[in-house]
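2 protein chains.
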Amino acid sequence: MNDAMPLGPGAEFDAIRRLLERWGPLAAGIGDDAAVLRPPRGDLMVVSVDSSIEGRHFEAGWLSAREIGYRAVAAALSDLAAMAARPLGVLIALGVPGQWRAQLDELADGIGEAVGTARTHILGGNLSGAGELSISTTVVGSAYAPLARNGAKPGDRVYVTGRLGAPGWVVERLRAGEPPGAHRERFARPTPRLAEARWAADGGASAAIDISDGLGADARHVAAASGVSLDLDGARIPCVDGVSVEIAVRSGEEYELLLAAPRPLDCVEFEARFGIPLTEIGRVGTGTAGTVRISGVAAANVGGWNHFSS
Amino acid sequence: MNDAMPLGPGAEFDAIRRLLERWGPLAAGIGDDAAVLRPPRGDLMVVSVDSSIEGRHFEAGWLSAREIGYRAVAAALSDLAAMAARPLGVLIALGVPGQWRAQLDELADGIGEAVGTARTHILGGNLSGAGELSISTTVVGSAYAPLARNGAKPGDRVYVTGRLGAPGWVVERLRAGEPPGAHRERFARPTPRLAEARWAADGGASAAIDISDGLGADARHVAAASGVSLDLDGARIPCVDGVSVEIAVRSGEEYELLLAAPRPLDCVEFEARFGIPLTEIGRVGTGTAGTVRISGVAAANVGGWNHFSS
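Taken in sequence, the protein lines are chains A and B.
The numbering used here puts the first residue of the first sequence at 1, with every later residue one more than the last.
The numbering used here puts the first residue of the second sequence at 311, with every later residue one more than the last.
No lab work stands behind these hints: they were computed from the structure.
Even for Gly, the Cβ is constructed at its ideal location relative to N, Cα and C.
It cannot be assumed that every hint is accurate.
A short, non-exhaustive set of chain B residues, derived as facing chain A with CB atoms under 8 Å [what the hints assert, rightly or not]:
id : residue
1  : Val357
2  : Met393
3  : Gly441
4  : Ser446
5  : Val450
6  : Asp520
7  : Gly597
Covered by chain B, according to a simulated footprint, are these stretches of chain A (three or more residues, beta-carbon under 8 Å) [said to hold, decoys possible]:
id : region
8  : 55 to 67
9  : 126 to 136
Next up, chain A with everything else stripped away, as it sits in the complex (with noise of 0.2 Å):
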């Protein structure tokens, strides 16, 4: 709650106004009952929510309280970047189970960290109890020319940007009781790539995706939603040290973006501006809408990741 927006007593408000503080500016303006923005002049609003549930989406004894904050609202942000929008701020619904209380100022500190991060804002919540931890983000973004994933054609170049593998090799070790390892913080503290994608949109991309459910998966959604097959080359994917590429096509919760562009895209000045590489991988075809081969990976070992179980 910040100074000119006062709020009343209560066990539920004294929770809210301890986010709020460790907070501070990056949540200025919340306390009425929705929040106010002015979209920028001429743009398109883009809007979207994804959660993050205990024993769903992590395992609490995986992740630090902080890391658990950061990666919600690092993965929900990242579907604005597959739309190539800029983020205008987020909003969090939190359930807290009793347990969790005495780290829910390391939980506001991850969620500070990625909402600062994107240079953007918290423009409101919702707080609960609740049986198991659950964060779900809303981010509210804009775009003149919103990128989708239906507008792959056949011809275009297909490119992914950064590294792919860690998340799924980091999760199979976690699984197996064995520690985490060398690419645990690519697991831990994904980067939305929201620069990356309008960089991509300016140069002309036709479709993008960002790869939650594992590039196989994702690399399918696009093909369906745009009518058309994707050729991609398993020898051009471009894995983290140590993981094969059979894990990083299926390795989900990445946050990189699958791009596909009718020109060539500029990978050299790419990763000199970010960072990160951007591959070309493969092409968009005619065959069968929807269908995604990817040589030297079996039909078989290029499916997704599945968050949907009892």
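Start from chain A and add chain B according to the hints.
For chain B alone, kept in the frame of chain A given last:
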């Protein structure tokens, strides 16, 4: 998923397809990483998020799955009413435990009913497994001049829409193991006062809040945010039949509106137009900022509805 934007395969997408089938044209256009909408020219955007969690905001045995879905979305839309905003759409983050999956259609129908009644759309969402049923609804709206809770000025008249007390009375009976009685429908199917709020804003209202924490508590939020006191006349507070003013002022989740206005609002025209009363119940004063006095109700009985329990 509409025809223009088919999705890939998988259990999560099958469940999403089922939801989208139930929603039909209410959800047209879903399927990208984020939804795109054009803000009405000159309007400000108004956004808010509200959560409804099993065992916190409702008990499964008290409401049908359809009512749970309806109520979650109606409650969220009520925050747009509080700002006198016109809804542009909602995003729904659903956490669905295994034992609730058989009722997903019913839940979807309730959500769809609330969305349809407000003449708005489902812009997007998120579906996940969870240990308890949770519905986080983000509402997106717009207004040329949103109403806020901080605009009340000394001398303003204070109004309330509808008649209060039904949810408090019903919940008290349900908690005691009694049948919910005559006011169950008002509890199970609240109506967000969207058109009523815009009418009041057009008529010069200076502040608004929706009654979610109880009239007494929400009056305090307005008083605190506006830096004023509120003096209400307990005898004028409109209660549903057979419910005392003590219950009515503490009854939360009413989703009626508390309004302040410098000039009289036309209560006769209001009732003719909307079929519910608009009642002048007091005045804004110059007492200690944030204080609310209700004549005939002891100060200790003005308190609120606390959703944040372990």
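Going through the hints against the structure:
no. : hint       : verdict
1   : Val357     : 5 Å, holds
2   : Met393     : 5 Å, holds
3   : Gly441     : 5 Å, holds
4   : Ser446     : 4 Å, holds
5   : Val450     : 6 Å, holds
6   : Asp520     : 6 Å, holds
7   : Gly597     : 15 Å, violated
8   : 55 to 67   : holds (count 3)
9   : 126 to 136 : holds (count 9)
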